[in-house]
Amino acid sequence: MATKKTIVVVGATGRQGGSVVDTFLDLSNWHVRAITRAEVVSADLGDPVSLTAAFANANAIFLNTDFWTVFYPAKASLEAENKDVAAASHTAFEAETRYGKNAAVAAAAVPTLERIVVSSLGSVSVGGKYTRSLHPEAKNWTKEYIEREQPALAAKMSVIYLGAYSTNRLLAPTLDKSTGKFKFVSPIHDHIRLPVIDPQKSTGLFVRELIEDEAPGIKLLAYDSDLTIGQIVEVLSKASGKEAMYVPVTTQDMHKMGALWEHLDAIDFLNEHDYEASVPGVIRPSQLKTKVETKPFEEWLKEQDWDAVLAPPA
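The sequence shown maps to residues 1 to 314 in our numbering.
Treat the hints with care, as some may be off.
[To be verified] Cut-off 16 Å, straight-line C-alpha distance, at most; resulting in silico cross-link-like pairs (EDC-like, lysine to aspartate or glutamate):
#, residue 1, residue 2
1, Lys302, Glu234
2, Lys156, Glu114
3, Lys101, Glu144
4, Lys129, Asp268
To be clear, the hints were calculated from the coordinates, so they are not data collected in a lab.
Turn these sequences into a full structure, and let the hints steer you where they fit.
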């Protein structure tokens, strides 16, 4: 029997990491080592020694760090003290970049490693105009650190840029009970193209392709459907059987309603540019050697519990 290869999944309990775990568990030639803080393989991204042990003898690593698990507790603490919540973005940025560096240093020391796939986002602060969204900057920092400081690891790296999650509240409609119609209230202009992905089902399929079939050095924009906001409204109407209408609002309007600039500055960048504007050389799923079969956004919508979709955010 052929020796199994080992893939280490960082962030295994998240939607991206969980998808990678599920995909590789179904492959007889792969052994999956899932890293969490408490079970399977205990490792802490803040503890380089634990990462060295977790990465031992790995053939492949999927690396996804999480900005939001630091951001939201920091935001809550600042709110409790009546302080500016913008500081939470800087706290989360500092933590995520430290975690990314720790993981990269540990991965670079693994002699058996053949491939690392890093989940990233394109920078939105290019030109210094949109500087209040730090979650893309933190993701981009780790990729750039590997390219700049770990050239041997960079030679084994591919980068995956996920589209907007299908579960993103920005893609959820509201129901106008007086008319029975859906309203799609969005600060994203209706002509803007937005790649959409189901992170729990599709991430692993794309990561498998990058690890097993593609040479390193790929920058992949991964998505199930690539639609304009106007087309998303049409798809929503077809999937639900209800008429839907696009209702434009500005990011300033959204901020007055409580939305954070941590989210909104990235939307302003998207409206001015496009999703992959700051990622030169990025390819799309159609350019992969092997077609990755995923479910279109319309099919995903048809399977949803509409009571849950329409429920206000927790």
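Status of each hint after checking the structure:
Taken as a hint, the Lys302 and Glu234 pair is honoured in the structure, with Cα atoms around 13 Å apart against an allowance of 16 Å. For the proposed pair Lys156 and Glu114, the alpha carbon gap of about 6 Å is at most 16 Å, so the pair holds. Restraint check: the Cα-Cα separation between Lys101 and Glu144 comes to about 10 Å, which is no more than 16 Å; the hinted pair holds. Distance hint between Lys129 and Asp268 is fulfilled; the C-alpha atoms sit about 10 Å from each other, no more than 16 Å.
Going down the numbered hints, you'll see the structure goes against none, and every one checks out.
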